[in-house]
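Let the hints inform the model, and build the full structure from the sequences given.
In the working numbering, the protein residues as written are 53 to 522.
Treat the hints as calculated values from the structure; they're not laboratory data. In this text the structure is predicted, and so the values were computed from the model without any measurement. Be a bit skeptical, because a hint or two may be false.
DSS-like cross-link-like pairs, simulated, lysine-lysine; straight-line CA separation at most 27 Å [claimed, not checked]:
hint	residue 1	residue 2
1	Lys-295	Lys-321
2	Lys-321	Lys-251
3	Lys-407	Lys-308
4	Lys-271	Lys-235
5	Lys-104	Lys-513
6	Lys-330	Lys-271
7	Lys-271	Lys-246
8	Lys-365	Lys-407
9	Lys-308	Lys-251
10	Lys-246	Lys-195
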Amino acid sequence: MNYTFISSDAIRHEFSMAMSAMYQTEVPLYGDLLDLVAEVNTEVLTKHPDIKEQLEHTGEIDRLSMERHGAIRLGTAHELSMMRRLFAVMGMHPVGYYDLAPAGVPVHSTAFRAIDAQALNQSPFRVFTSLLRLDLIADDALKQEASKALANRNIFTDTVVSLIERFEEQGGLTSEEGKQFIKEALETFRWHDKTPVSKELYQRLLAQHGLIADVVGFKGPHINHLTPRTLDIDTVQQGMQAKGMPPKAIIEGPPKRECPILLRQTSFKALEEAVSFKNSEGEYEQGCHTARFGEIEQRGVALTPTGRALYDKLLSQARHQLGATPNEGNAAQYNRILAEVFTAFPDDYQTMHDKELAYFYYQPVDSAADINSDMSNLEMVNSKQAVNALINRGVIRIEPIVYEDFLPVSAAGIFQSNLQQDKQSNYDGNSNQQEFEQALGTNVHDELVLYEDIQNRSLGKCLISLGNGR
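Structure (structure tokens):
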């Protein structure tokens with residue numbers, strides 16, 4: 053039988069919109085945050101036509117208002133493996149491995165997202181997905197209780213599992229099946245205020261780490277935040293305070309720059325929400341939980357291994373110079389140190405390109421003159437020296453490839469600030485990507501390889517276009 057399938061990109065887009073609507077209902081402040089970000093973005097695009105032109109050249113302008121990422125936390129290898137299969141229906145693949153344990157958060161993670169540049173522009177929705185590391189719980193008895201609680205829950209509806217299997221068998225879903233999939237998949241991410249664990253167990257989990265309580269203590273991996281993309285995170289940070297959304301103390305990531313790099317993130321602090329804990333008589337008693345919040349991101353150019361090494365070195369230098377974990381008391385001092393230290397990182401795209409610190413799209417300039425006859429052989433043109441000559445002559449322009457991924461130190465900082473963790477935990481467990489990938493059921497993609505491939509494809513397409521235009 054021949055089926056007409058809806059594209060995975062379309063399912064992903066519709067799902068992200070449905071997720072946003074659901075989260076705005078659950079956390080009304082998130083809707084206020086979206087309004088604030090939209091106001092700031094409109095102002096930036098009006099005042100800075102160069103930024104608008106750049107976003108038009110890279111194809112990002114149309115997806116700016118739909119930009120979202122979410123985060124979930126899973127408890128078992130089975131949950132992670134099935135989640136991979138669920139995201140595959142939406143054309144989302146695991147990219148990158150992040151170990152947050154060294155920063156005091158007992159998880160390791162990946163990001164599910166589209167990996168093709170065109171698919172990303174159709175829907176950039178991505179989900180930072182963490183797996184709890186029960187091996188980092190020192191209390192063996194508590195570890196066993198947590199493991200039992202997780203084994204007793206099922207976070208996926210039978211219908212969504214059936215649709216995932218149908219997708220895998222058929223190679224796609226019909227339009228009607230796609231709608232049903234979105235409806236059923238949302239149930240996995242929905243907030244449930246009745247918990248399957250006792251208040252006493254929850255408190256013991258909370259004493260270990262807020263994130264452990266957030267994962268083990270609930271029916272499923274409720275979406276704990278969604279994230280719009282802003283073009284000016286500093287203005288949004290100030291605007292949140294004015295609109296009654298208290299922001300975290302510092303903006304995670306690099307300092308403010310003329311040419312943004314990687315990822316800057318901030319959030320309004322997590323809300324205290326009423327929950328009901330199940331007691332031994334099967335009845336419920338009242339309590340509260342704090343974990344869900346609203347986050348904002350400002351994305352910059354993706355960095356090469358050389359650029360990333362320089363970023364990591366400078367960030368480490370700034371934190372070492374501060375001599376403490378950045379917090380409300382030292383935020384101003386940290387921001388000054390960060391800005392000073394990062395003067396060592398070039399702040400113009402051309403220099404970043406020439407020093408191979410960042411990844412770029414190559415595009416033919418419409419009004420460019422023909423390539424000289426001595427450059428007519430495209431194989432000869434496809435060298436760093438020749439390409440740079442064409443850039444310098446205005447035949448080719450470069451545009452930044454936006455960073456689609458995450459930063460472990462920044463992610464840990466966001467998590468810690470929203471989990472009521474007053475003390476900094478330290479976990480000695482070794483990073484274990486192999487164990488994570490075994491639970492996942494596949495290897496994660498190397499994000500640097502993906503960016504390099506996008507850059508190489510862009511250059512090849514650009515040179516062919518120039519060659520055909522001669």
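Status of the hints after comparison with the structure:
no. : hint                 : in the structure
1   : Lys-295 with Lys-321 : holds (13 Å)
2   : Lys-321 with Lys-251 : holds (23 Å)
3   : Lys-407 with Lys-308 : holds (21 Å)
4   : Lys-271 with Lys-235 : holds (18 Å)
5   : Lys-104 with Lys-513 : holds (23 Å)
6   : Lys-330 with Lys-271 : holds (12 Å)
7   : Lys-271 with Lys-246 : holds (8 Å)
8   : Lys-365 with Lys-407 : holds (17 Å)
9   : Lys-308 with Lys-251 : violated (43 Å)
10  : Lys-246 with Lys-195 : holds (22 Å)
In this structure, the one hint that does not hold is number 9.
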